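J.: Listed below are the residues making up each chain.
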Amino acid sequence: MKPPRFTYHAPTAVEEATSLLADLHEDAKVLAGGQSLIPLLSFRLAAPEHLIDINRLPGLDQVERTGNAWRIGALVRQRTVERSAELAAAVPLLAQALASVAHPQVRNRGTICGSLAHGDSSAELPAVMTALDARMTLMSAGGTRQVAADDFFQFHLTTAIGPDELLTAVEFDSPVPGTYAAFEEFALRRGDFALAGVAATATFAADGRIKQCRVVAAGVAPTPLRLAAVEELLTGSELSASVLAAAQEAAHREVTPMGDSRADSDYRRHLLSVLVRRALSAVQIKHGAEQEGERR
Amino acid sequence: MNPEVSDEAATQVRVTVNGREYRAITDVRTTLADFLRHGLGLTGTHLGCEHGVCGACTVLLDGAAIRSCLMLAVQADGAKIETVEGLAEGDELNPLQEAFHRNHALQCGFCTAGFLMSVTAALREGPVETDEQAREVLSGNICRCTGYAAMIKAVQETSIQVHGNKAAS
Amino acid sequence: MRTPAVAPLKQNMIGTAIERREDYRLLTGHGKFLDDLDMPDTLEAAFLRSDFGHARILGIDTSAALELPGVVAVFTGDDIRPMMKPMPAKVGHPALQEMPRLPMALDEVHYVGEPVAVVIATSRYIAEDALELIEIDYEELPAISSTAAALAPGAPLAHLGAKDNIAVHAVQRAGDPDAAFAAAPHVLSGTFRITRGGGHSMECRAVAARYDTVTRQLVVWDSTQAPHYARNALANLYDMHEDDIRLIAPADVGGGFGPKAQFYGEEAVIPWVAMQLRRPVKWIEDRRENFISTMMERTQTHRIKVAFDDDGMLIAMKDVFEHDQGAYVAGLQVPMITLSTVPGQYKIPNIHTELYSCYTNMVPTSSVRGAGRPQAVAAMERMMDRIAEYLGLDPAEVRRRNLIQPDEFPYKVGIMFRDGSPLTYDSGNYPELLAGTLERLDYDGWRRRQAELRTEGRLIGIGIACYVEGCGLGPYEGAKARLTNSGEVLVTLAAAPQGQGYETVYAQIASDAMGLDMDYIRVTTGDTGRIPFGQGTFASRITATAGPAVLQACQALRARIFTTAAVMLKVEADNFVFRGDRICLAEDESLSVTLREVTQVANVGKHGITLLRGVPAGLETQAYFAPERAAYASGAHAAVVEVDPETGRITVLKYVIGHDCGTVINPLLVDGQVLGGFAAGIGNAMYEEQFYDEAAQPQTTSYLDFSLPSSMEVPPVELFHIQSPSPLNPLGAKGAGEGGTIPAPAAIANATEDALRSFGARINEMPVTPPRVAAAIAGRVPAAR
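So the protein sequences, as listed, match chains A, B and E.
Reading the first sequence from the start, the letters are residues 0 to 295 in numbering that gives the first Met the number 0.
Reading the second sequence from the start, the letters are residues 0 to 168 in numbering that gives the first Met the number 0.
Reading the third sequence from the start, the letters are residues 0 to 784 in numbering that gives the first Met the number 0.
FYI, nobody ran anything at the bench for these hints, they're computed from the structure.
Any given hint could turn out to be false.
[What the hints assert, rightly or not] Pairwise CB distance ranges, derived in the manner of DEER restraints:
#1 Ile24/B to Asp60/A: 21 to 31 Å
#2 Glu91/B to Pro221/A: 51 to 61 Å
#3 Gly62/B to Leu150/E: 56 to 66 Å
#4 Thr143/A to Glu20/B: 36 to 46 Å
#5 Ser264/A to Arg439/E: 35 to 45 Å
#6 Ala227/A to Pro141/E: 42 to 52 Å
#7 His29/E to Ala288/A: 48 to 58 Å
#8 Thr11/A to Pro68/E: 29 to 39 Å
#9 Phe532/E to Asp90/B: 32 to 42 Å
#10 Ala147/A to His29/E: 48 to 58 Å
#11 Asp60/A to Thr650/E: 37 to 47 Å
#12 Ala147/A to Gly444/E: 51 to 61 Å
#13 Gly62/B to Leu159/E: 57 to 67 Å
#14 Thr11/A to Gly528/E: 48 to 58 Å
This one's a predicted model, so the numbers in the text were calculated from it and none came from an experiment.
Virtual Cβ for every residue (Gly too), placed ideally from N, Cα, C.
Based on the sequences and whatever the hints tell you, model everything.
T.: This is how it looks when you write it as C-alpha cells:
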C-alpha cells in the first residue's frame, strides 16, 4: 500500500498554486491535510501525475470573524475549529458535528476545507456546511468565485471545484438569534463513517413557530441532501410531538438510500427518519431550554 | 538504510526527532512512517494498516498526535517530531511507560508505540480521570491483544501522577 | 538483557503476577518485529494477486514489469515449477477430497487474493509499481460465494477438477439419536448463521530469507506461530534436509490468533526466491493483502434440533452444519472442532453432529481465536434459551439441570475429539462457574429490573452462555534447559510467542522447577536451529504442553547440577539449595559452589584431563511432553444488554466472565488473555463481518468497511476464576487464550433476543448488528402485557 509515483509541487504563493492548476488540470490533485487523499494514494485508487501540496501557502490558516460572518481558510485544521471556544459558542452545530469526525489524530491534520473538497456524502462537514448555508470560495488563475453549499456538492466525491480551481475558504454566518441546531449520526463504531446523519437548524419566531429551517441528511444520497419535504412541513409549525412524528414520516418517504452488505436500504431509510426526529427533538429541547431561561 | 531513490523524485528532508536533528534524502512519495522507520532507522513506530485507522503509526508532529502513514515525509520538513524512542528518561521508563508495564497493558507490543504517543498527547492537554474519558483517549488506536482494560488503568494512574488526584476519595 | 527493576522475588513463582521481561524493549520502541530487524541489502517483494474468484489463467506477460528500473526479478507460477508441490492440509480426514494447494497459482485461480506472481525489487514502492505493469489474461469462470451456493443442485464447481464442492462430509454420533427424537415429548429446531472475520493481528504476515551459498543453508525469519511446521513444509517443498533450513520466529511477533499458524504460499516462495537470486529477500504483507489473502474464519450455518422433556432435560441433540472452507483446505481443524464442541457442558445421551465442509471461491478458512467453538456454542446456547422460553422456565435453571456434575469427571461425551481420542472432559466444576457468574451479575436483581424497566418502554435483556474448550493439544511440545558457560540457565522453547509472555512465564516455571531465582534464568523461543522438534502456538496449548516440558527439563537439569556440585564439594548428600547464584549444601550453606564454577567442571572441562568421576558431562537436558489427550477449560459468561428498538443499537450494561483454566501460572497474564479474548469475542458478537458478493469478490477490504472494536466498543468486564486443575499434566494447567472469545456471540445473541422477547423477534444471525436487530423487530408489534 505504497503511493504511486507523482511529481510533487509545494508552491509558496497562491498564484503559484493556481498557475500550476491552470497548467495541469485533471493531472493534478491538491494535498492539504491528506487524511482522505493519502489513503486513496496508498490504495492506488488515485494516481495523479502531480500533487500540489498547499500546506506552505501563506494566509490560508486563519479563522476570521467579521461581525457575524465567519471565514475558515483552506489550511485550518479541524482540531483548531473544534477547540475554538468562540466558534463553539457562535456556531454550536459545527463543534457538535466535529466531535464525530474520525478521531483527534485525524482531526489534527485534516482540514475543514479538505473534507468539503473531498465531498463524501457520508461525512459530517458537507452536511453541516449545507445546513449553515455556507459559501465556498474558489480561486483560479482567472479569478475568484463563490459557490453556495447547496450547489457545491454535486455527486459522490464530486464537487463544483473546477480542474483549475483551488478551494481557499468556506464562509458562513453565525445563526441569527432564535436559531437552534443539532447534529445526530449513527455509526457502527465511534468515529466510523456514519450509516446516516442529520444536521438540522431551525429559527423560531417569538410565537414558537419555525420561521426557517434546514434539515440536511448525510449518507443517504450521492450528496448531502436537503430534506425539502421535511423543511416545508416544519416551516410555520411548532415542534410539537405530532409535528416531530410527521417529520419522521416525511423523511422516511423522501429518501431512497443505497444499501450495501452491512446495512440495507430499508434500514438506512428507517435510521435516517429516526435521526431526523431525534435531531429535531434536540432542537426543540434547546429552544425550550432557552425559552425557560428567558422566562426566569 | 534507504530504499533506492530515483533522481527526479528525490528530496531532502530535515527533521528534529526526539530532540536530535536529522537530514536525509528520500523520495517525495515516501510516507513519514517509512521515512522514520527505514530512512532514519527509528523502527519503534509501526505500520498496521497504512490507511489511518489503526493508529499504530501515531507520532507527535509539532506536539500534535498524527498518523505518520497519512503524511508524506517531505511534508514534515522542518518539523519537530516525537516518537516512542524519545519517551524514556535515559534508561528509565517514564511514568506512562511504567504504568503500562505495571498494569500489563501490552502483550505483543506492536500497537504500543502508537498508544503511548496518543496518550502522551492527551495527557499534555489535561487530566484523564474517569473510565469514560480514558476510553475516549484510547479510542483512536486499535489493540487486538489486551482488550484495553489494563490500558484504561494505566492511563488513569499516569494522569494522577502527572496531574494530581482531583477526585480525592 | 535488561531485567526490570523489581525486588528479588520469593520462590514459588507459579501463581504469582510477575511483570513481564519483554516490556522494556516494547515500551521503548526497540521491539524486534520482523520489519524492524536490520537486514541490509535486502530486496523487497510484492505479490500480484488474482482479481477473480474463479478463473483460468490464459497467459501472463511480465516483460514490462521486468523493464522497470529497480526491479530485479519477476516469477510466476510457471517459473517456480521446480518447487511446485501441493501443500498438504494441516489437519486432514480420511474422507477429505483434497484439492491441491500450490504455493502460487498455475493454470487456475480459486479466490480473489490468490498469489499469481511475485515481483522482487529494490523497494516495496517500486515492486508495487511493477505489479501494475504485469498483464494477465484471465478467462473468468463461475464462482461459488457461499456454502448454500456450493451445495445447490447443479452448482458450478469451485475447482474444475473436483467431483463436487464438498471437501468432507463427517458425522459424529453417540447413543441412538433417531430413536430418541422419535420418542421425545418435545422437539425444537433452530437455524443459525454465524459469520466471523479474520484474526487481524496488528502486525500482518511477514517472511524474510537469506541463503548462504557456502554452507548451502537457508535462514528464514517468519512472523509465524509455528516455526517447526513451516520449516518442515519448506524442507518438503525444496527437498532439503531439515537441518539446512533454520526458521526463526522473531522474538517479537505482532499477534497471531490463528492465521499465522498456517503455512502459506508466500512463505514457500520468498525463501526459494532468495535461493535463486542469491540475495536476501523480504516480504512484508500490507493490510489490503491481509484482508483478502490471509486466512480467516467465515460462515457456518447450523440447523440444530433438540429433544427434551417437560423439565427441560436434554434427551437428544442433532446439529447439521455447513462450513465455508474456502478455496483450499489448509486444515480441517475449525469445522472438526465445531463438530465436537456442540454438546458443551451438558449431559446429552444422544448426539448427532454432522459437518458439510464446502469448497467456495474465497480465501481458505482456518482458525481464528476461538477456532470453530464460538459457532458450536452459539448453536447450542441459543437452543437452551429457546427450550426455556418454550417451557416457560428460567434459562439459568434449564442449564443448571443439564450440567455435567463435578463428581462425574472424567466425563466421556460419547463422540470423538479432533485429536483422535474419545471426547473426554478431564475436570471442571460447571455448576460453581454458572452460580458464580450469575451471582456477580446479580441475575435475580436484573430480572426484577428488566420487568420494571419494560413498563417504561426500555428493552433490557439477559443472556447466558456456557462453554467447554478443548485445549492443551498434542502431539507434544518441547523444551531444552542448559546451564550455559556464563552460569545462566537457558530455557529453549520450540514454541514461538505473539505476546503471551513466554520469556517471563517459562522463566517462572523454570524457577519453581529448580528452586532457582528467576534472575538467573533466561528463555529463548521459536528457532528451529536451537531445538529440532516443535508444533506451534495455537489452540491454547502451550501452557499445558510446553509448561510440563520445561518443568521436566529443568528438574532434570537441577539434578545434574546438584550431582556435579556434590562431586566438587566431595560430599555424598544431594540435599542442596540454590541461594542466588550459589549451590549450597542445605545443612551447611557455607559449603557451596557457584553456577559458573559448576559449568567450568561439567561443560568446559580441562583439555585432556579426565572428568571428575560422577560428574555428568554437559549440563543440558531436554524434554518433550506429550499429553494423553486434550484438557478441557470451561467458562460461563453472562450479559445484560439494552436494545434501542428504533436503531437496533445494543448497549452492554453489564458483563461477567467466569473462567476455569486449571492452574493459573501468572494471574496478570492470564487475565490479560481472557480480557483480550473478550474484546475479540465482542468483535465477533457485534462488529466484525467479512462480506463477499455473488461473484466471490470481497466487499470488506479495509478498516473503513470492517470494524475492529476500540476501547469504546469493549464494555467493562467482571472476571473471576475457579481452578479445576487438569490431571493430564504435572502443572494442572489448561489453556487461557480463547475462553474470553468463545461464548461472547452466544451471550450477546441470547441477551438481545431476551430483550426483544415481547416482540417475539428472533436473532438467528451473528454478528448481532443494528440492521439485523431492526430487521428482527420490523413489522412485529410488541405483545400486550
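J.: Are the hints correct? Go through all of them and say.
T.: Evaluation of the provided hints:
1. Ile24/B to Asp60/A: 21 to 31 Å: 29 Å, holds
2. Glu91/B to Pro221/A: 51 to 61 Å: 56 Å, holds
3. Gly62/B to Leu150/E: 56 to 66 Å: Holds, since Gly62/B and Leu150/E (Cβ atoms, about 59 Å apart) stay within the stated range.
4. Thr143/A to Glu20/B: 36 to 46 Å: Cβ of Thr143/A to Cβ of Glu20/B: about 41 Å, so the range 36 to 46 Å holds.
5. Ser264/A to Arg439/E: 35 to 45 Å: 43 Å, holds
6. Ala227/A to Pro141/E: 42 to 52 Å: Holds, at about 45 Å.
7. His29/E to Ala288/A: 48 to 58 Å: 54 Å, holds
8. Thr11/A to Pro68/E: 29 to 39 Å: 31 Å, holds
9. Phe532/E to Asp90/B: 32 to 42 Å: 39 Å, holds
10. Ala147/A to His29/E: 48 to 58 Å: 55 Å, holds
11. Asp60/A to Thr650/E: 37 to 47 Å: 40 Å, holds
12. Ala147/A to Gly444/E: 51 to 61 Å: 57 Å, holds
13. Gly62/B to Leu159/E: 57 to 67 Å: At roughly 59 Å between Cβ atoms, Leu159/E and Gly62/B fall inside 57 to 67 Å, so the hint holds.
14. Thr11/A to Gly528/E: 48 to 58 Å: 56 Å, holds
Every hint from the earlier list agrees with this structure, and none is contradicted.
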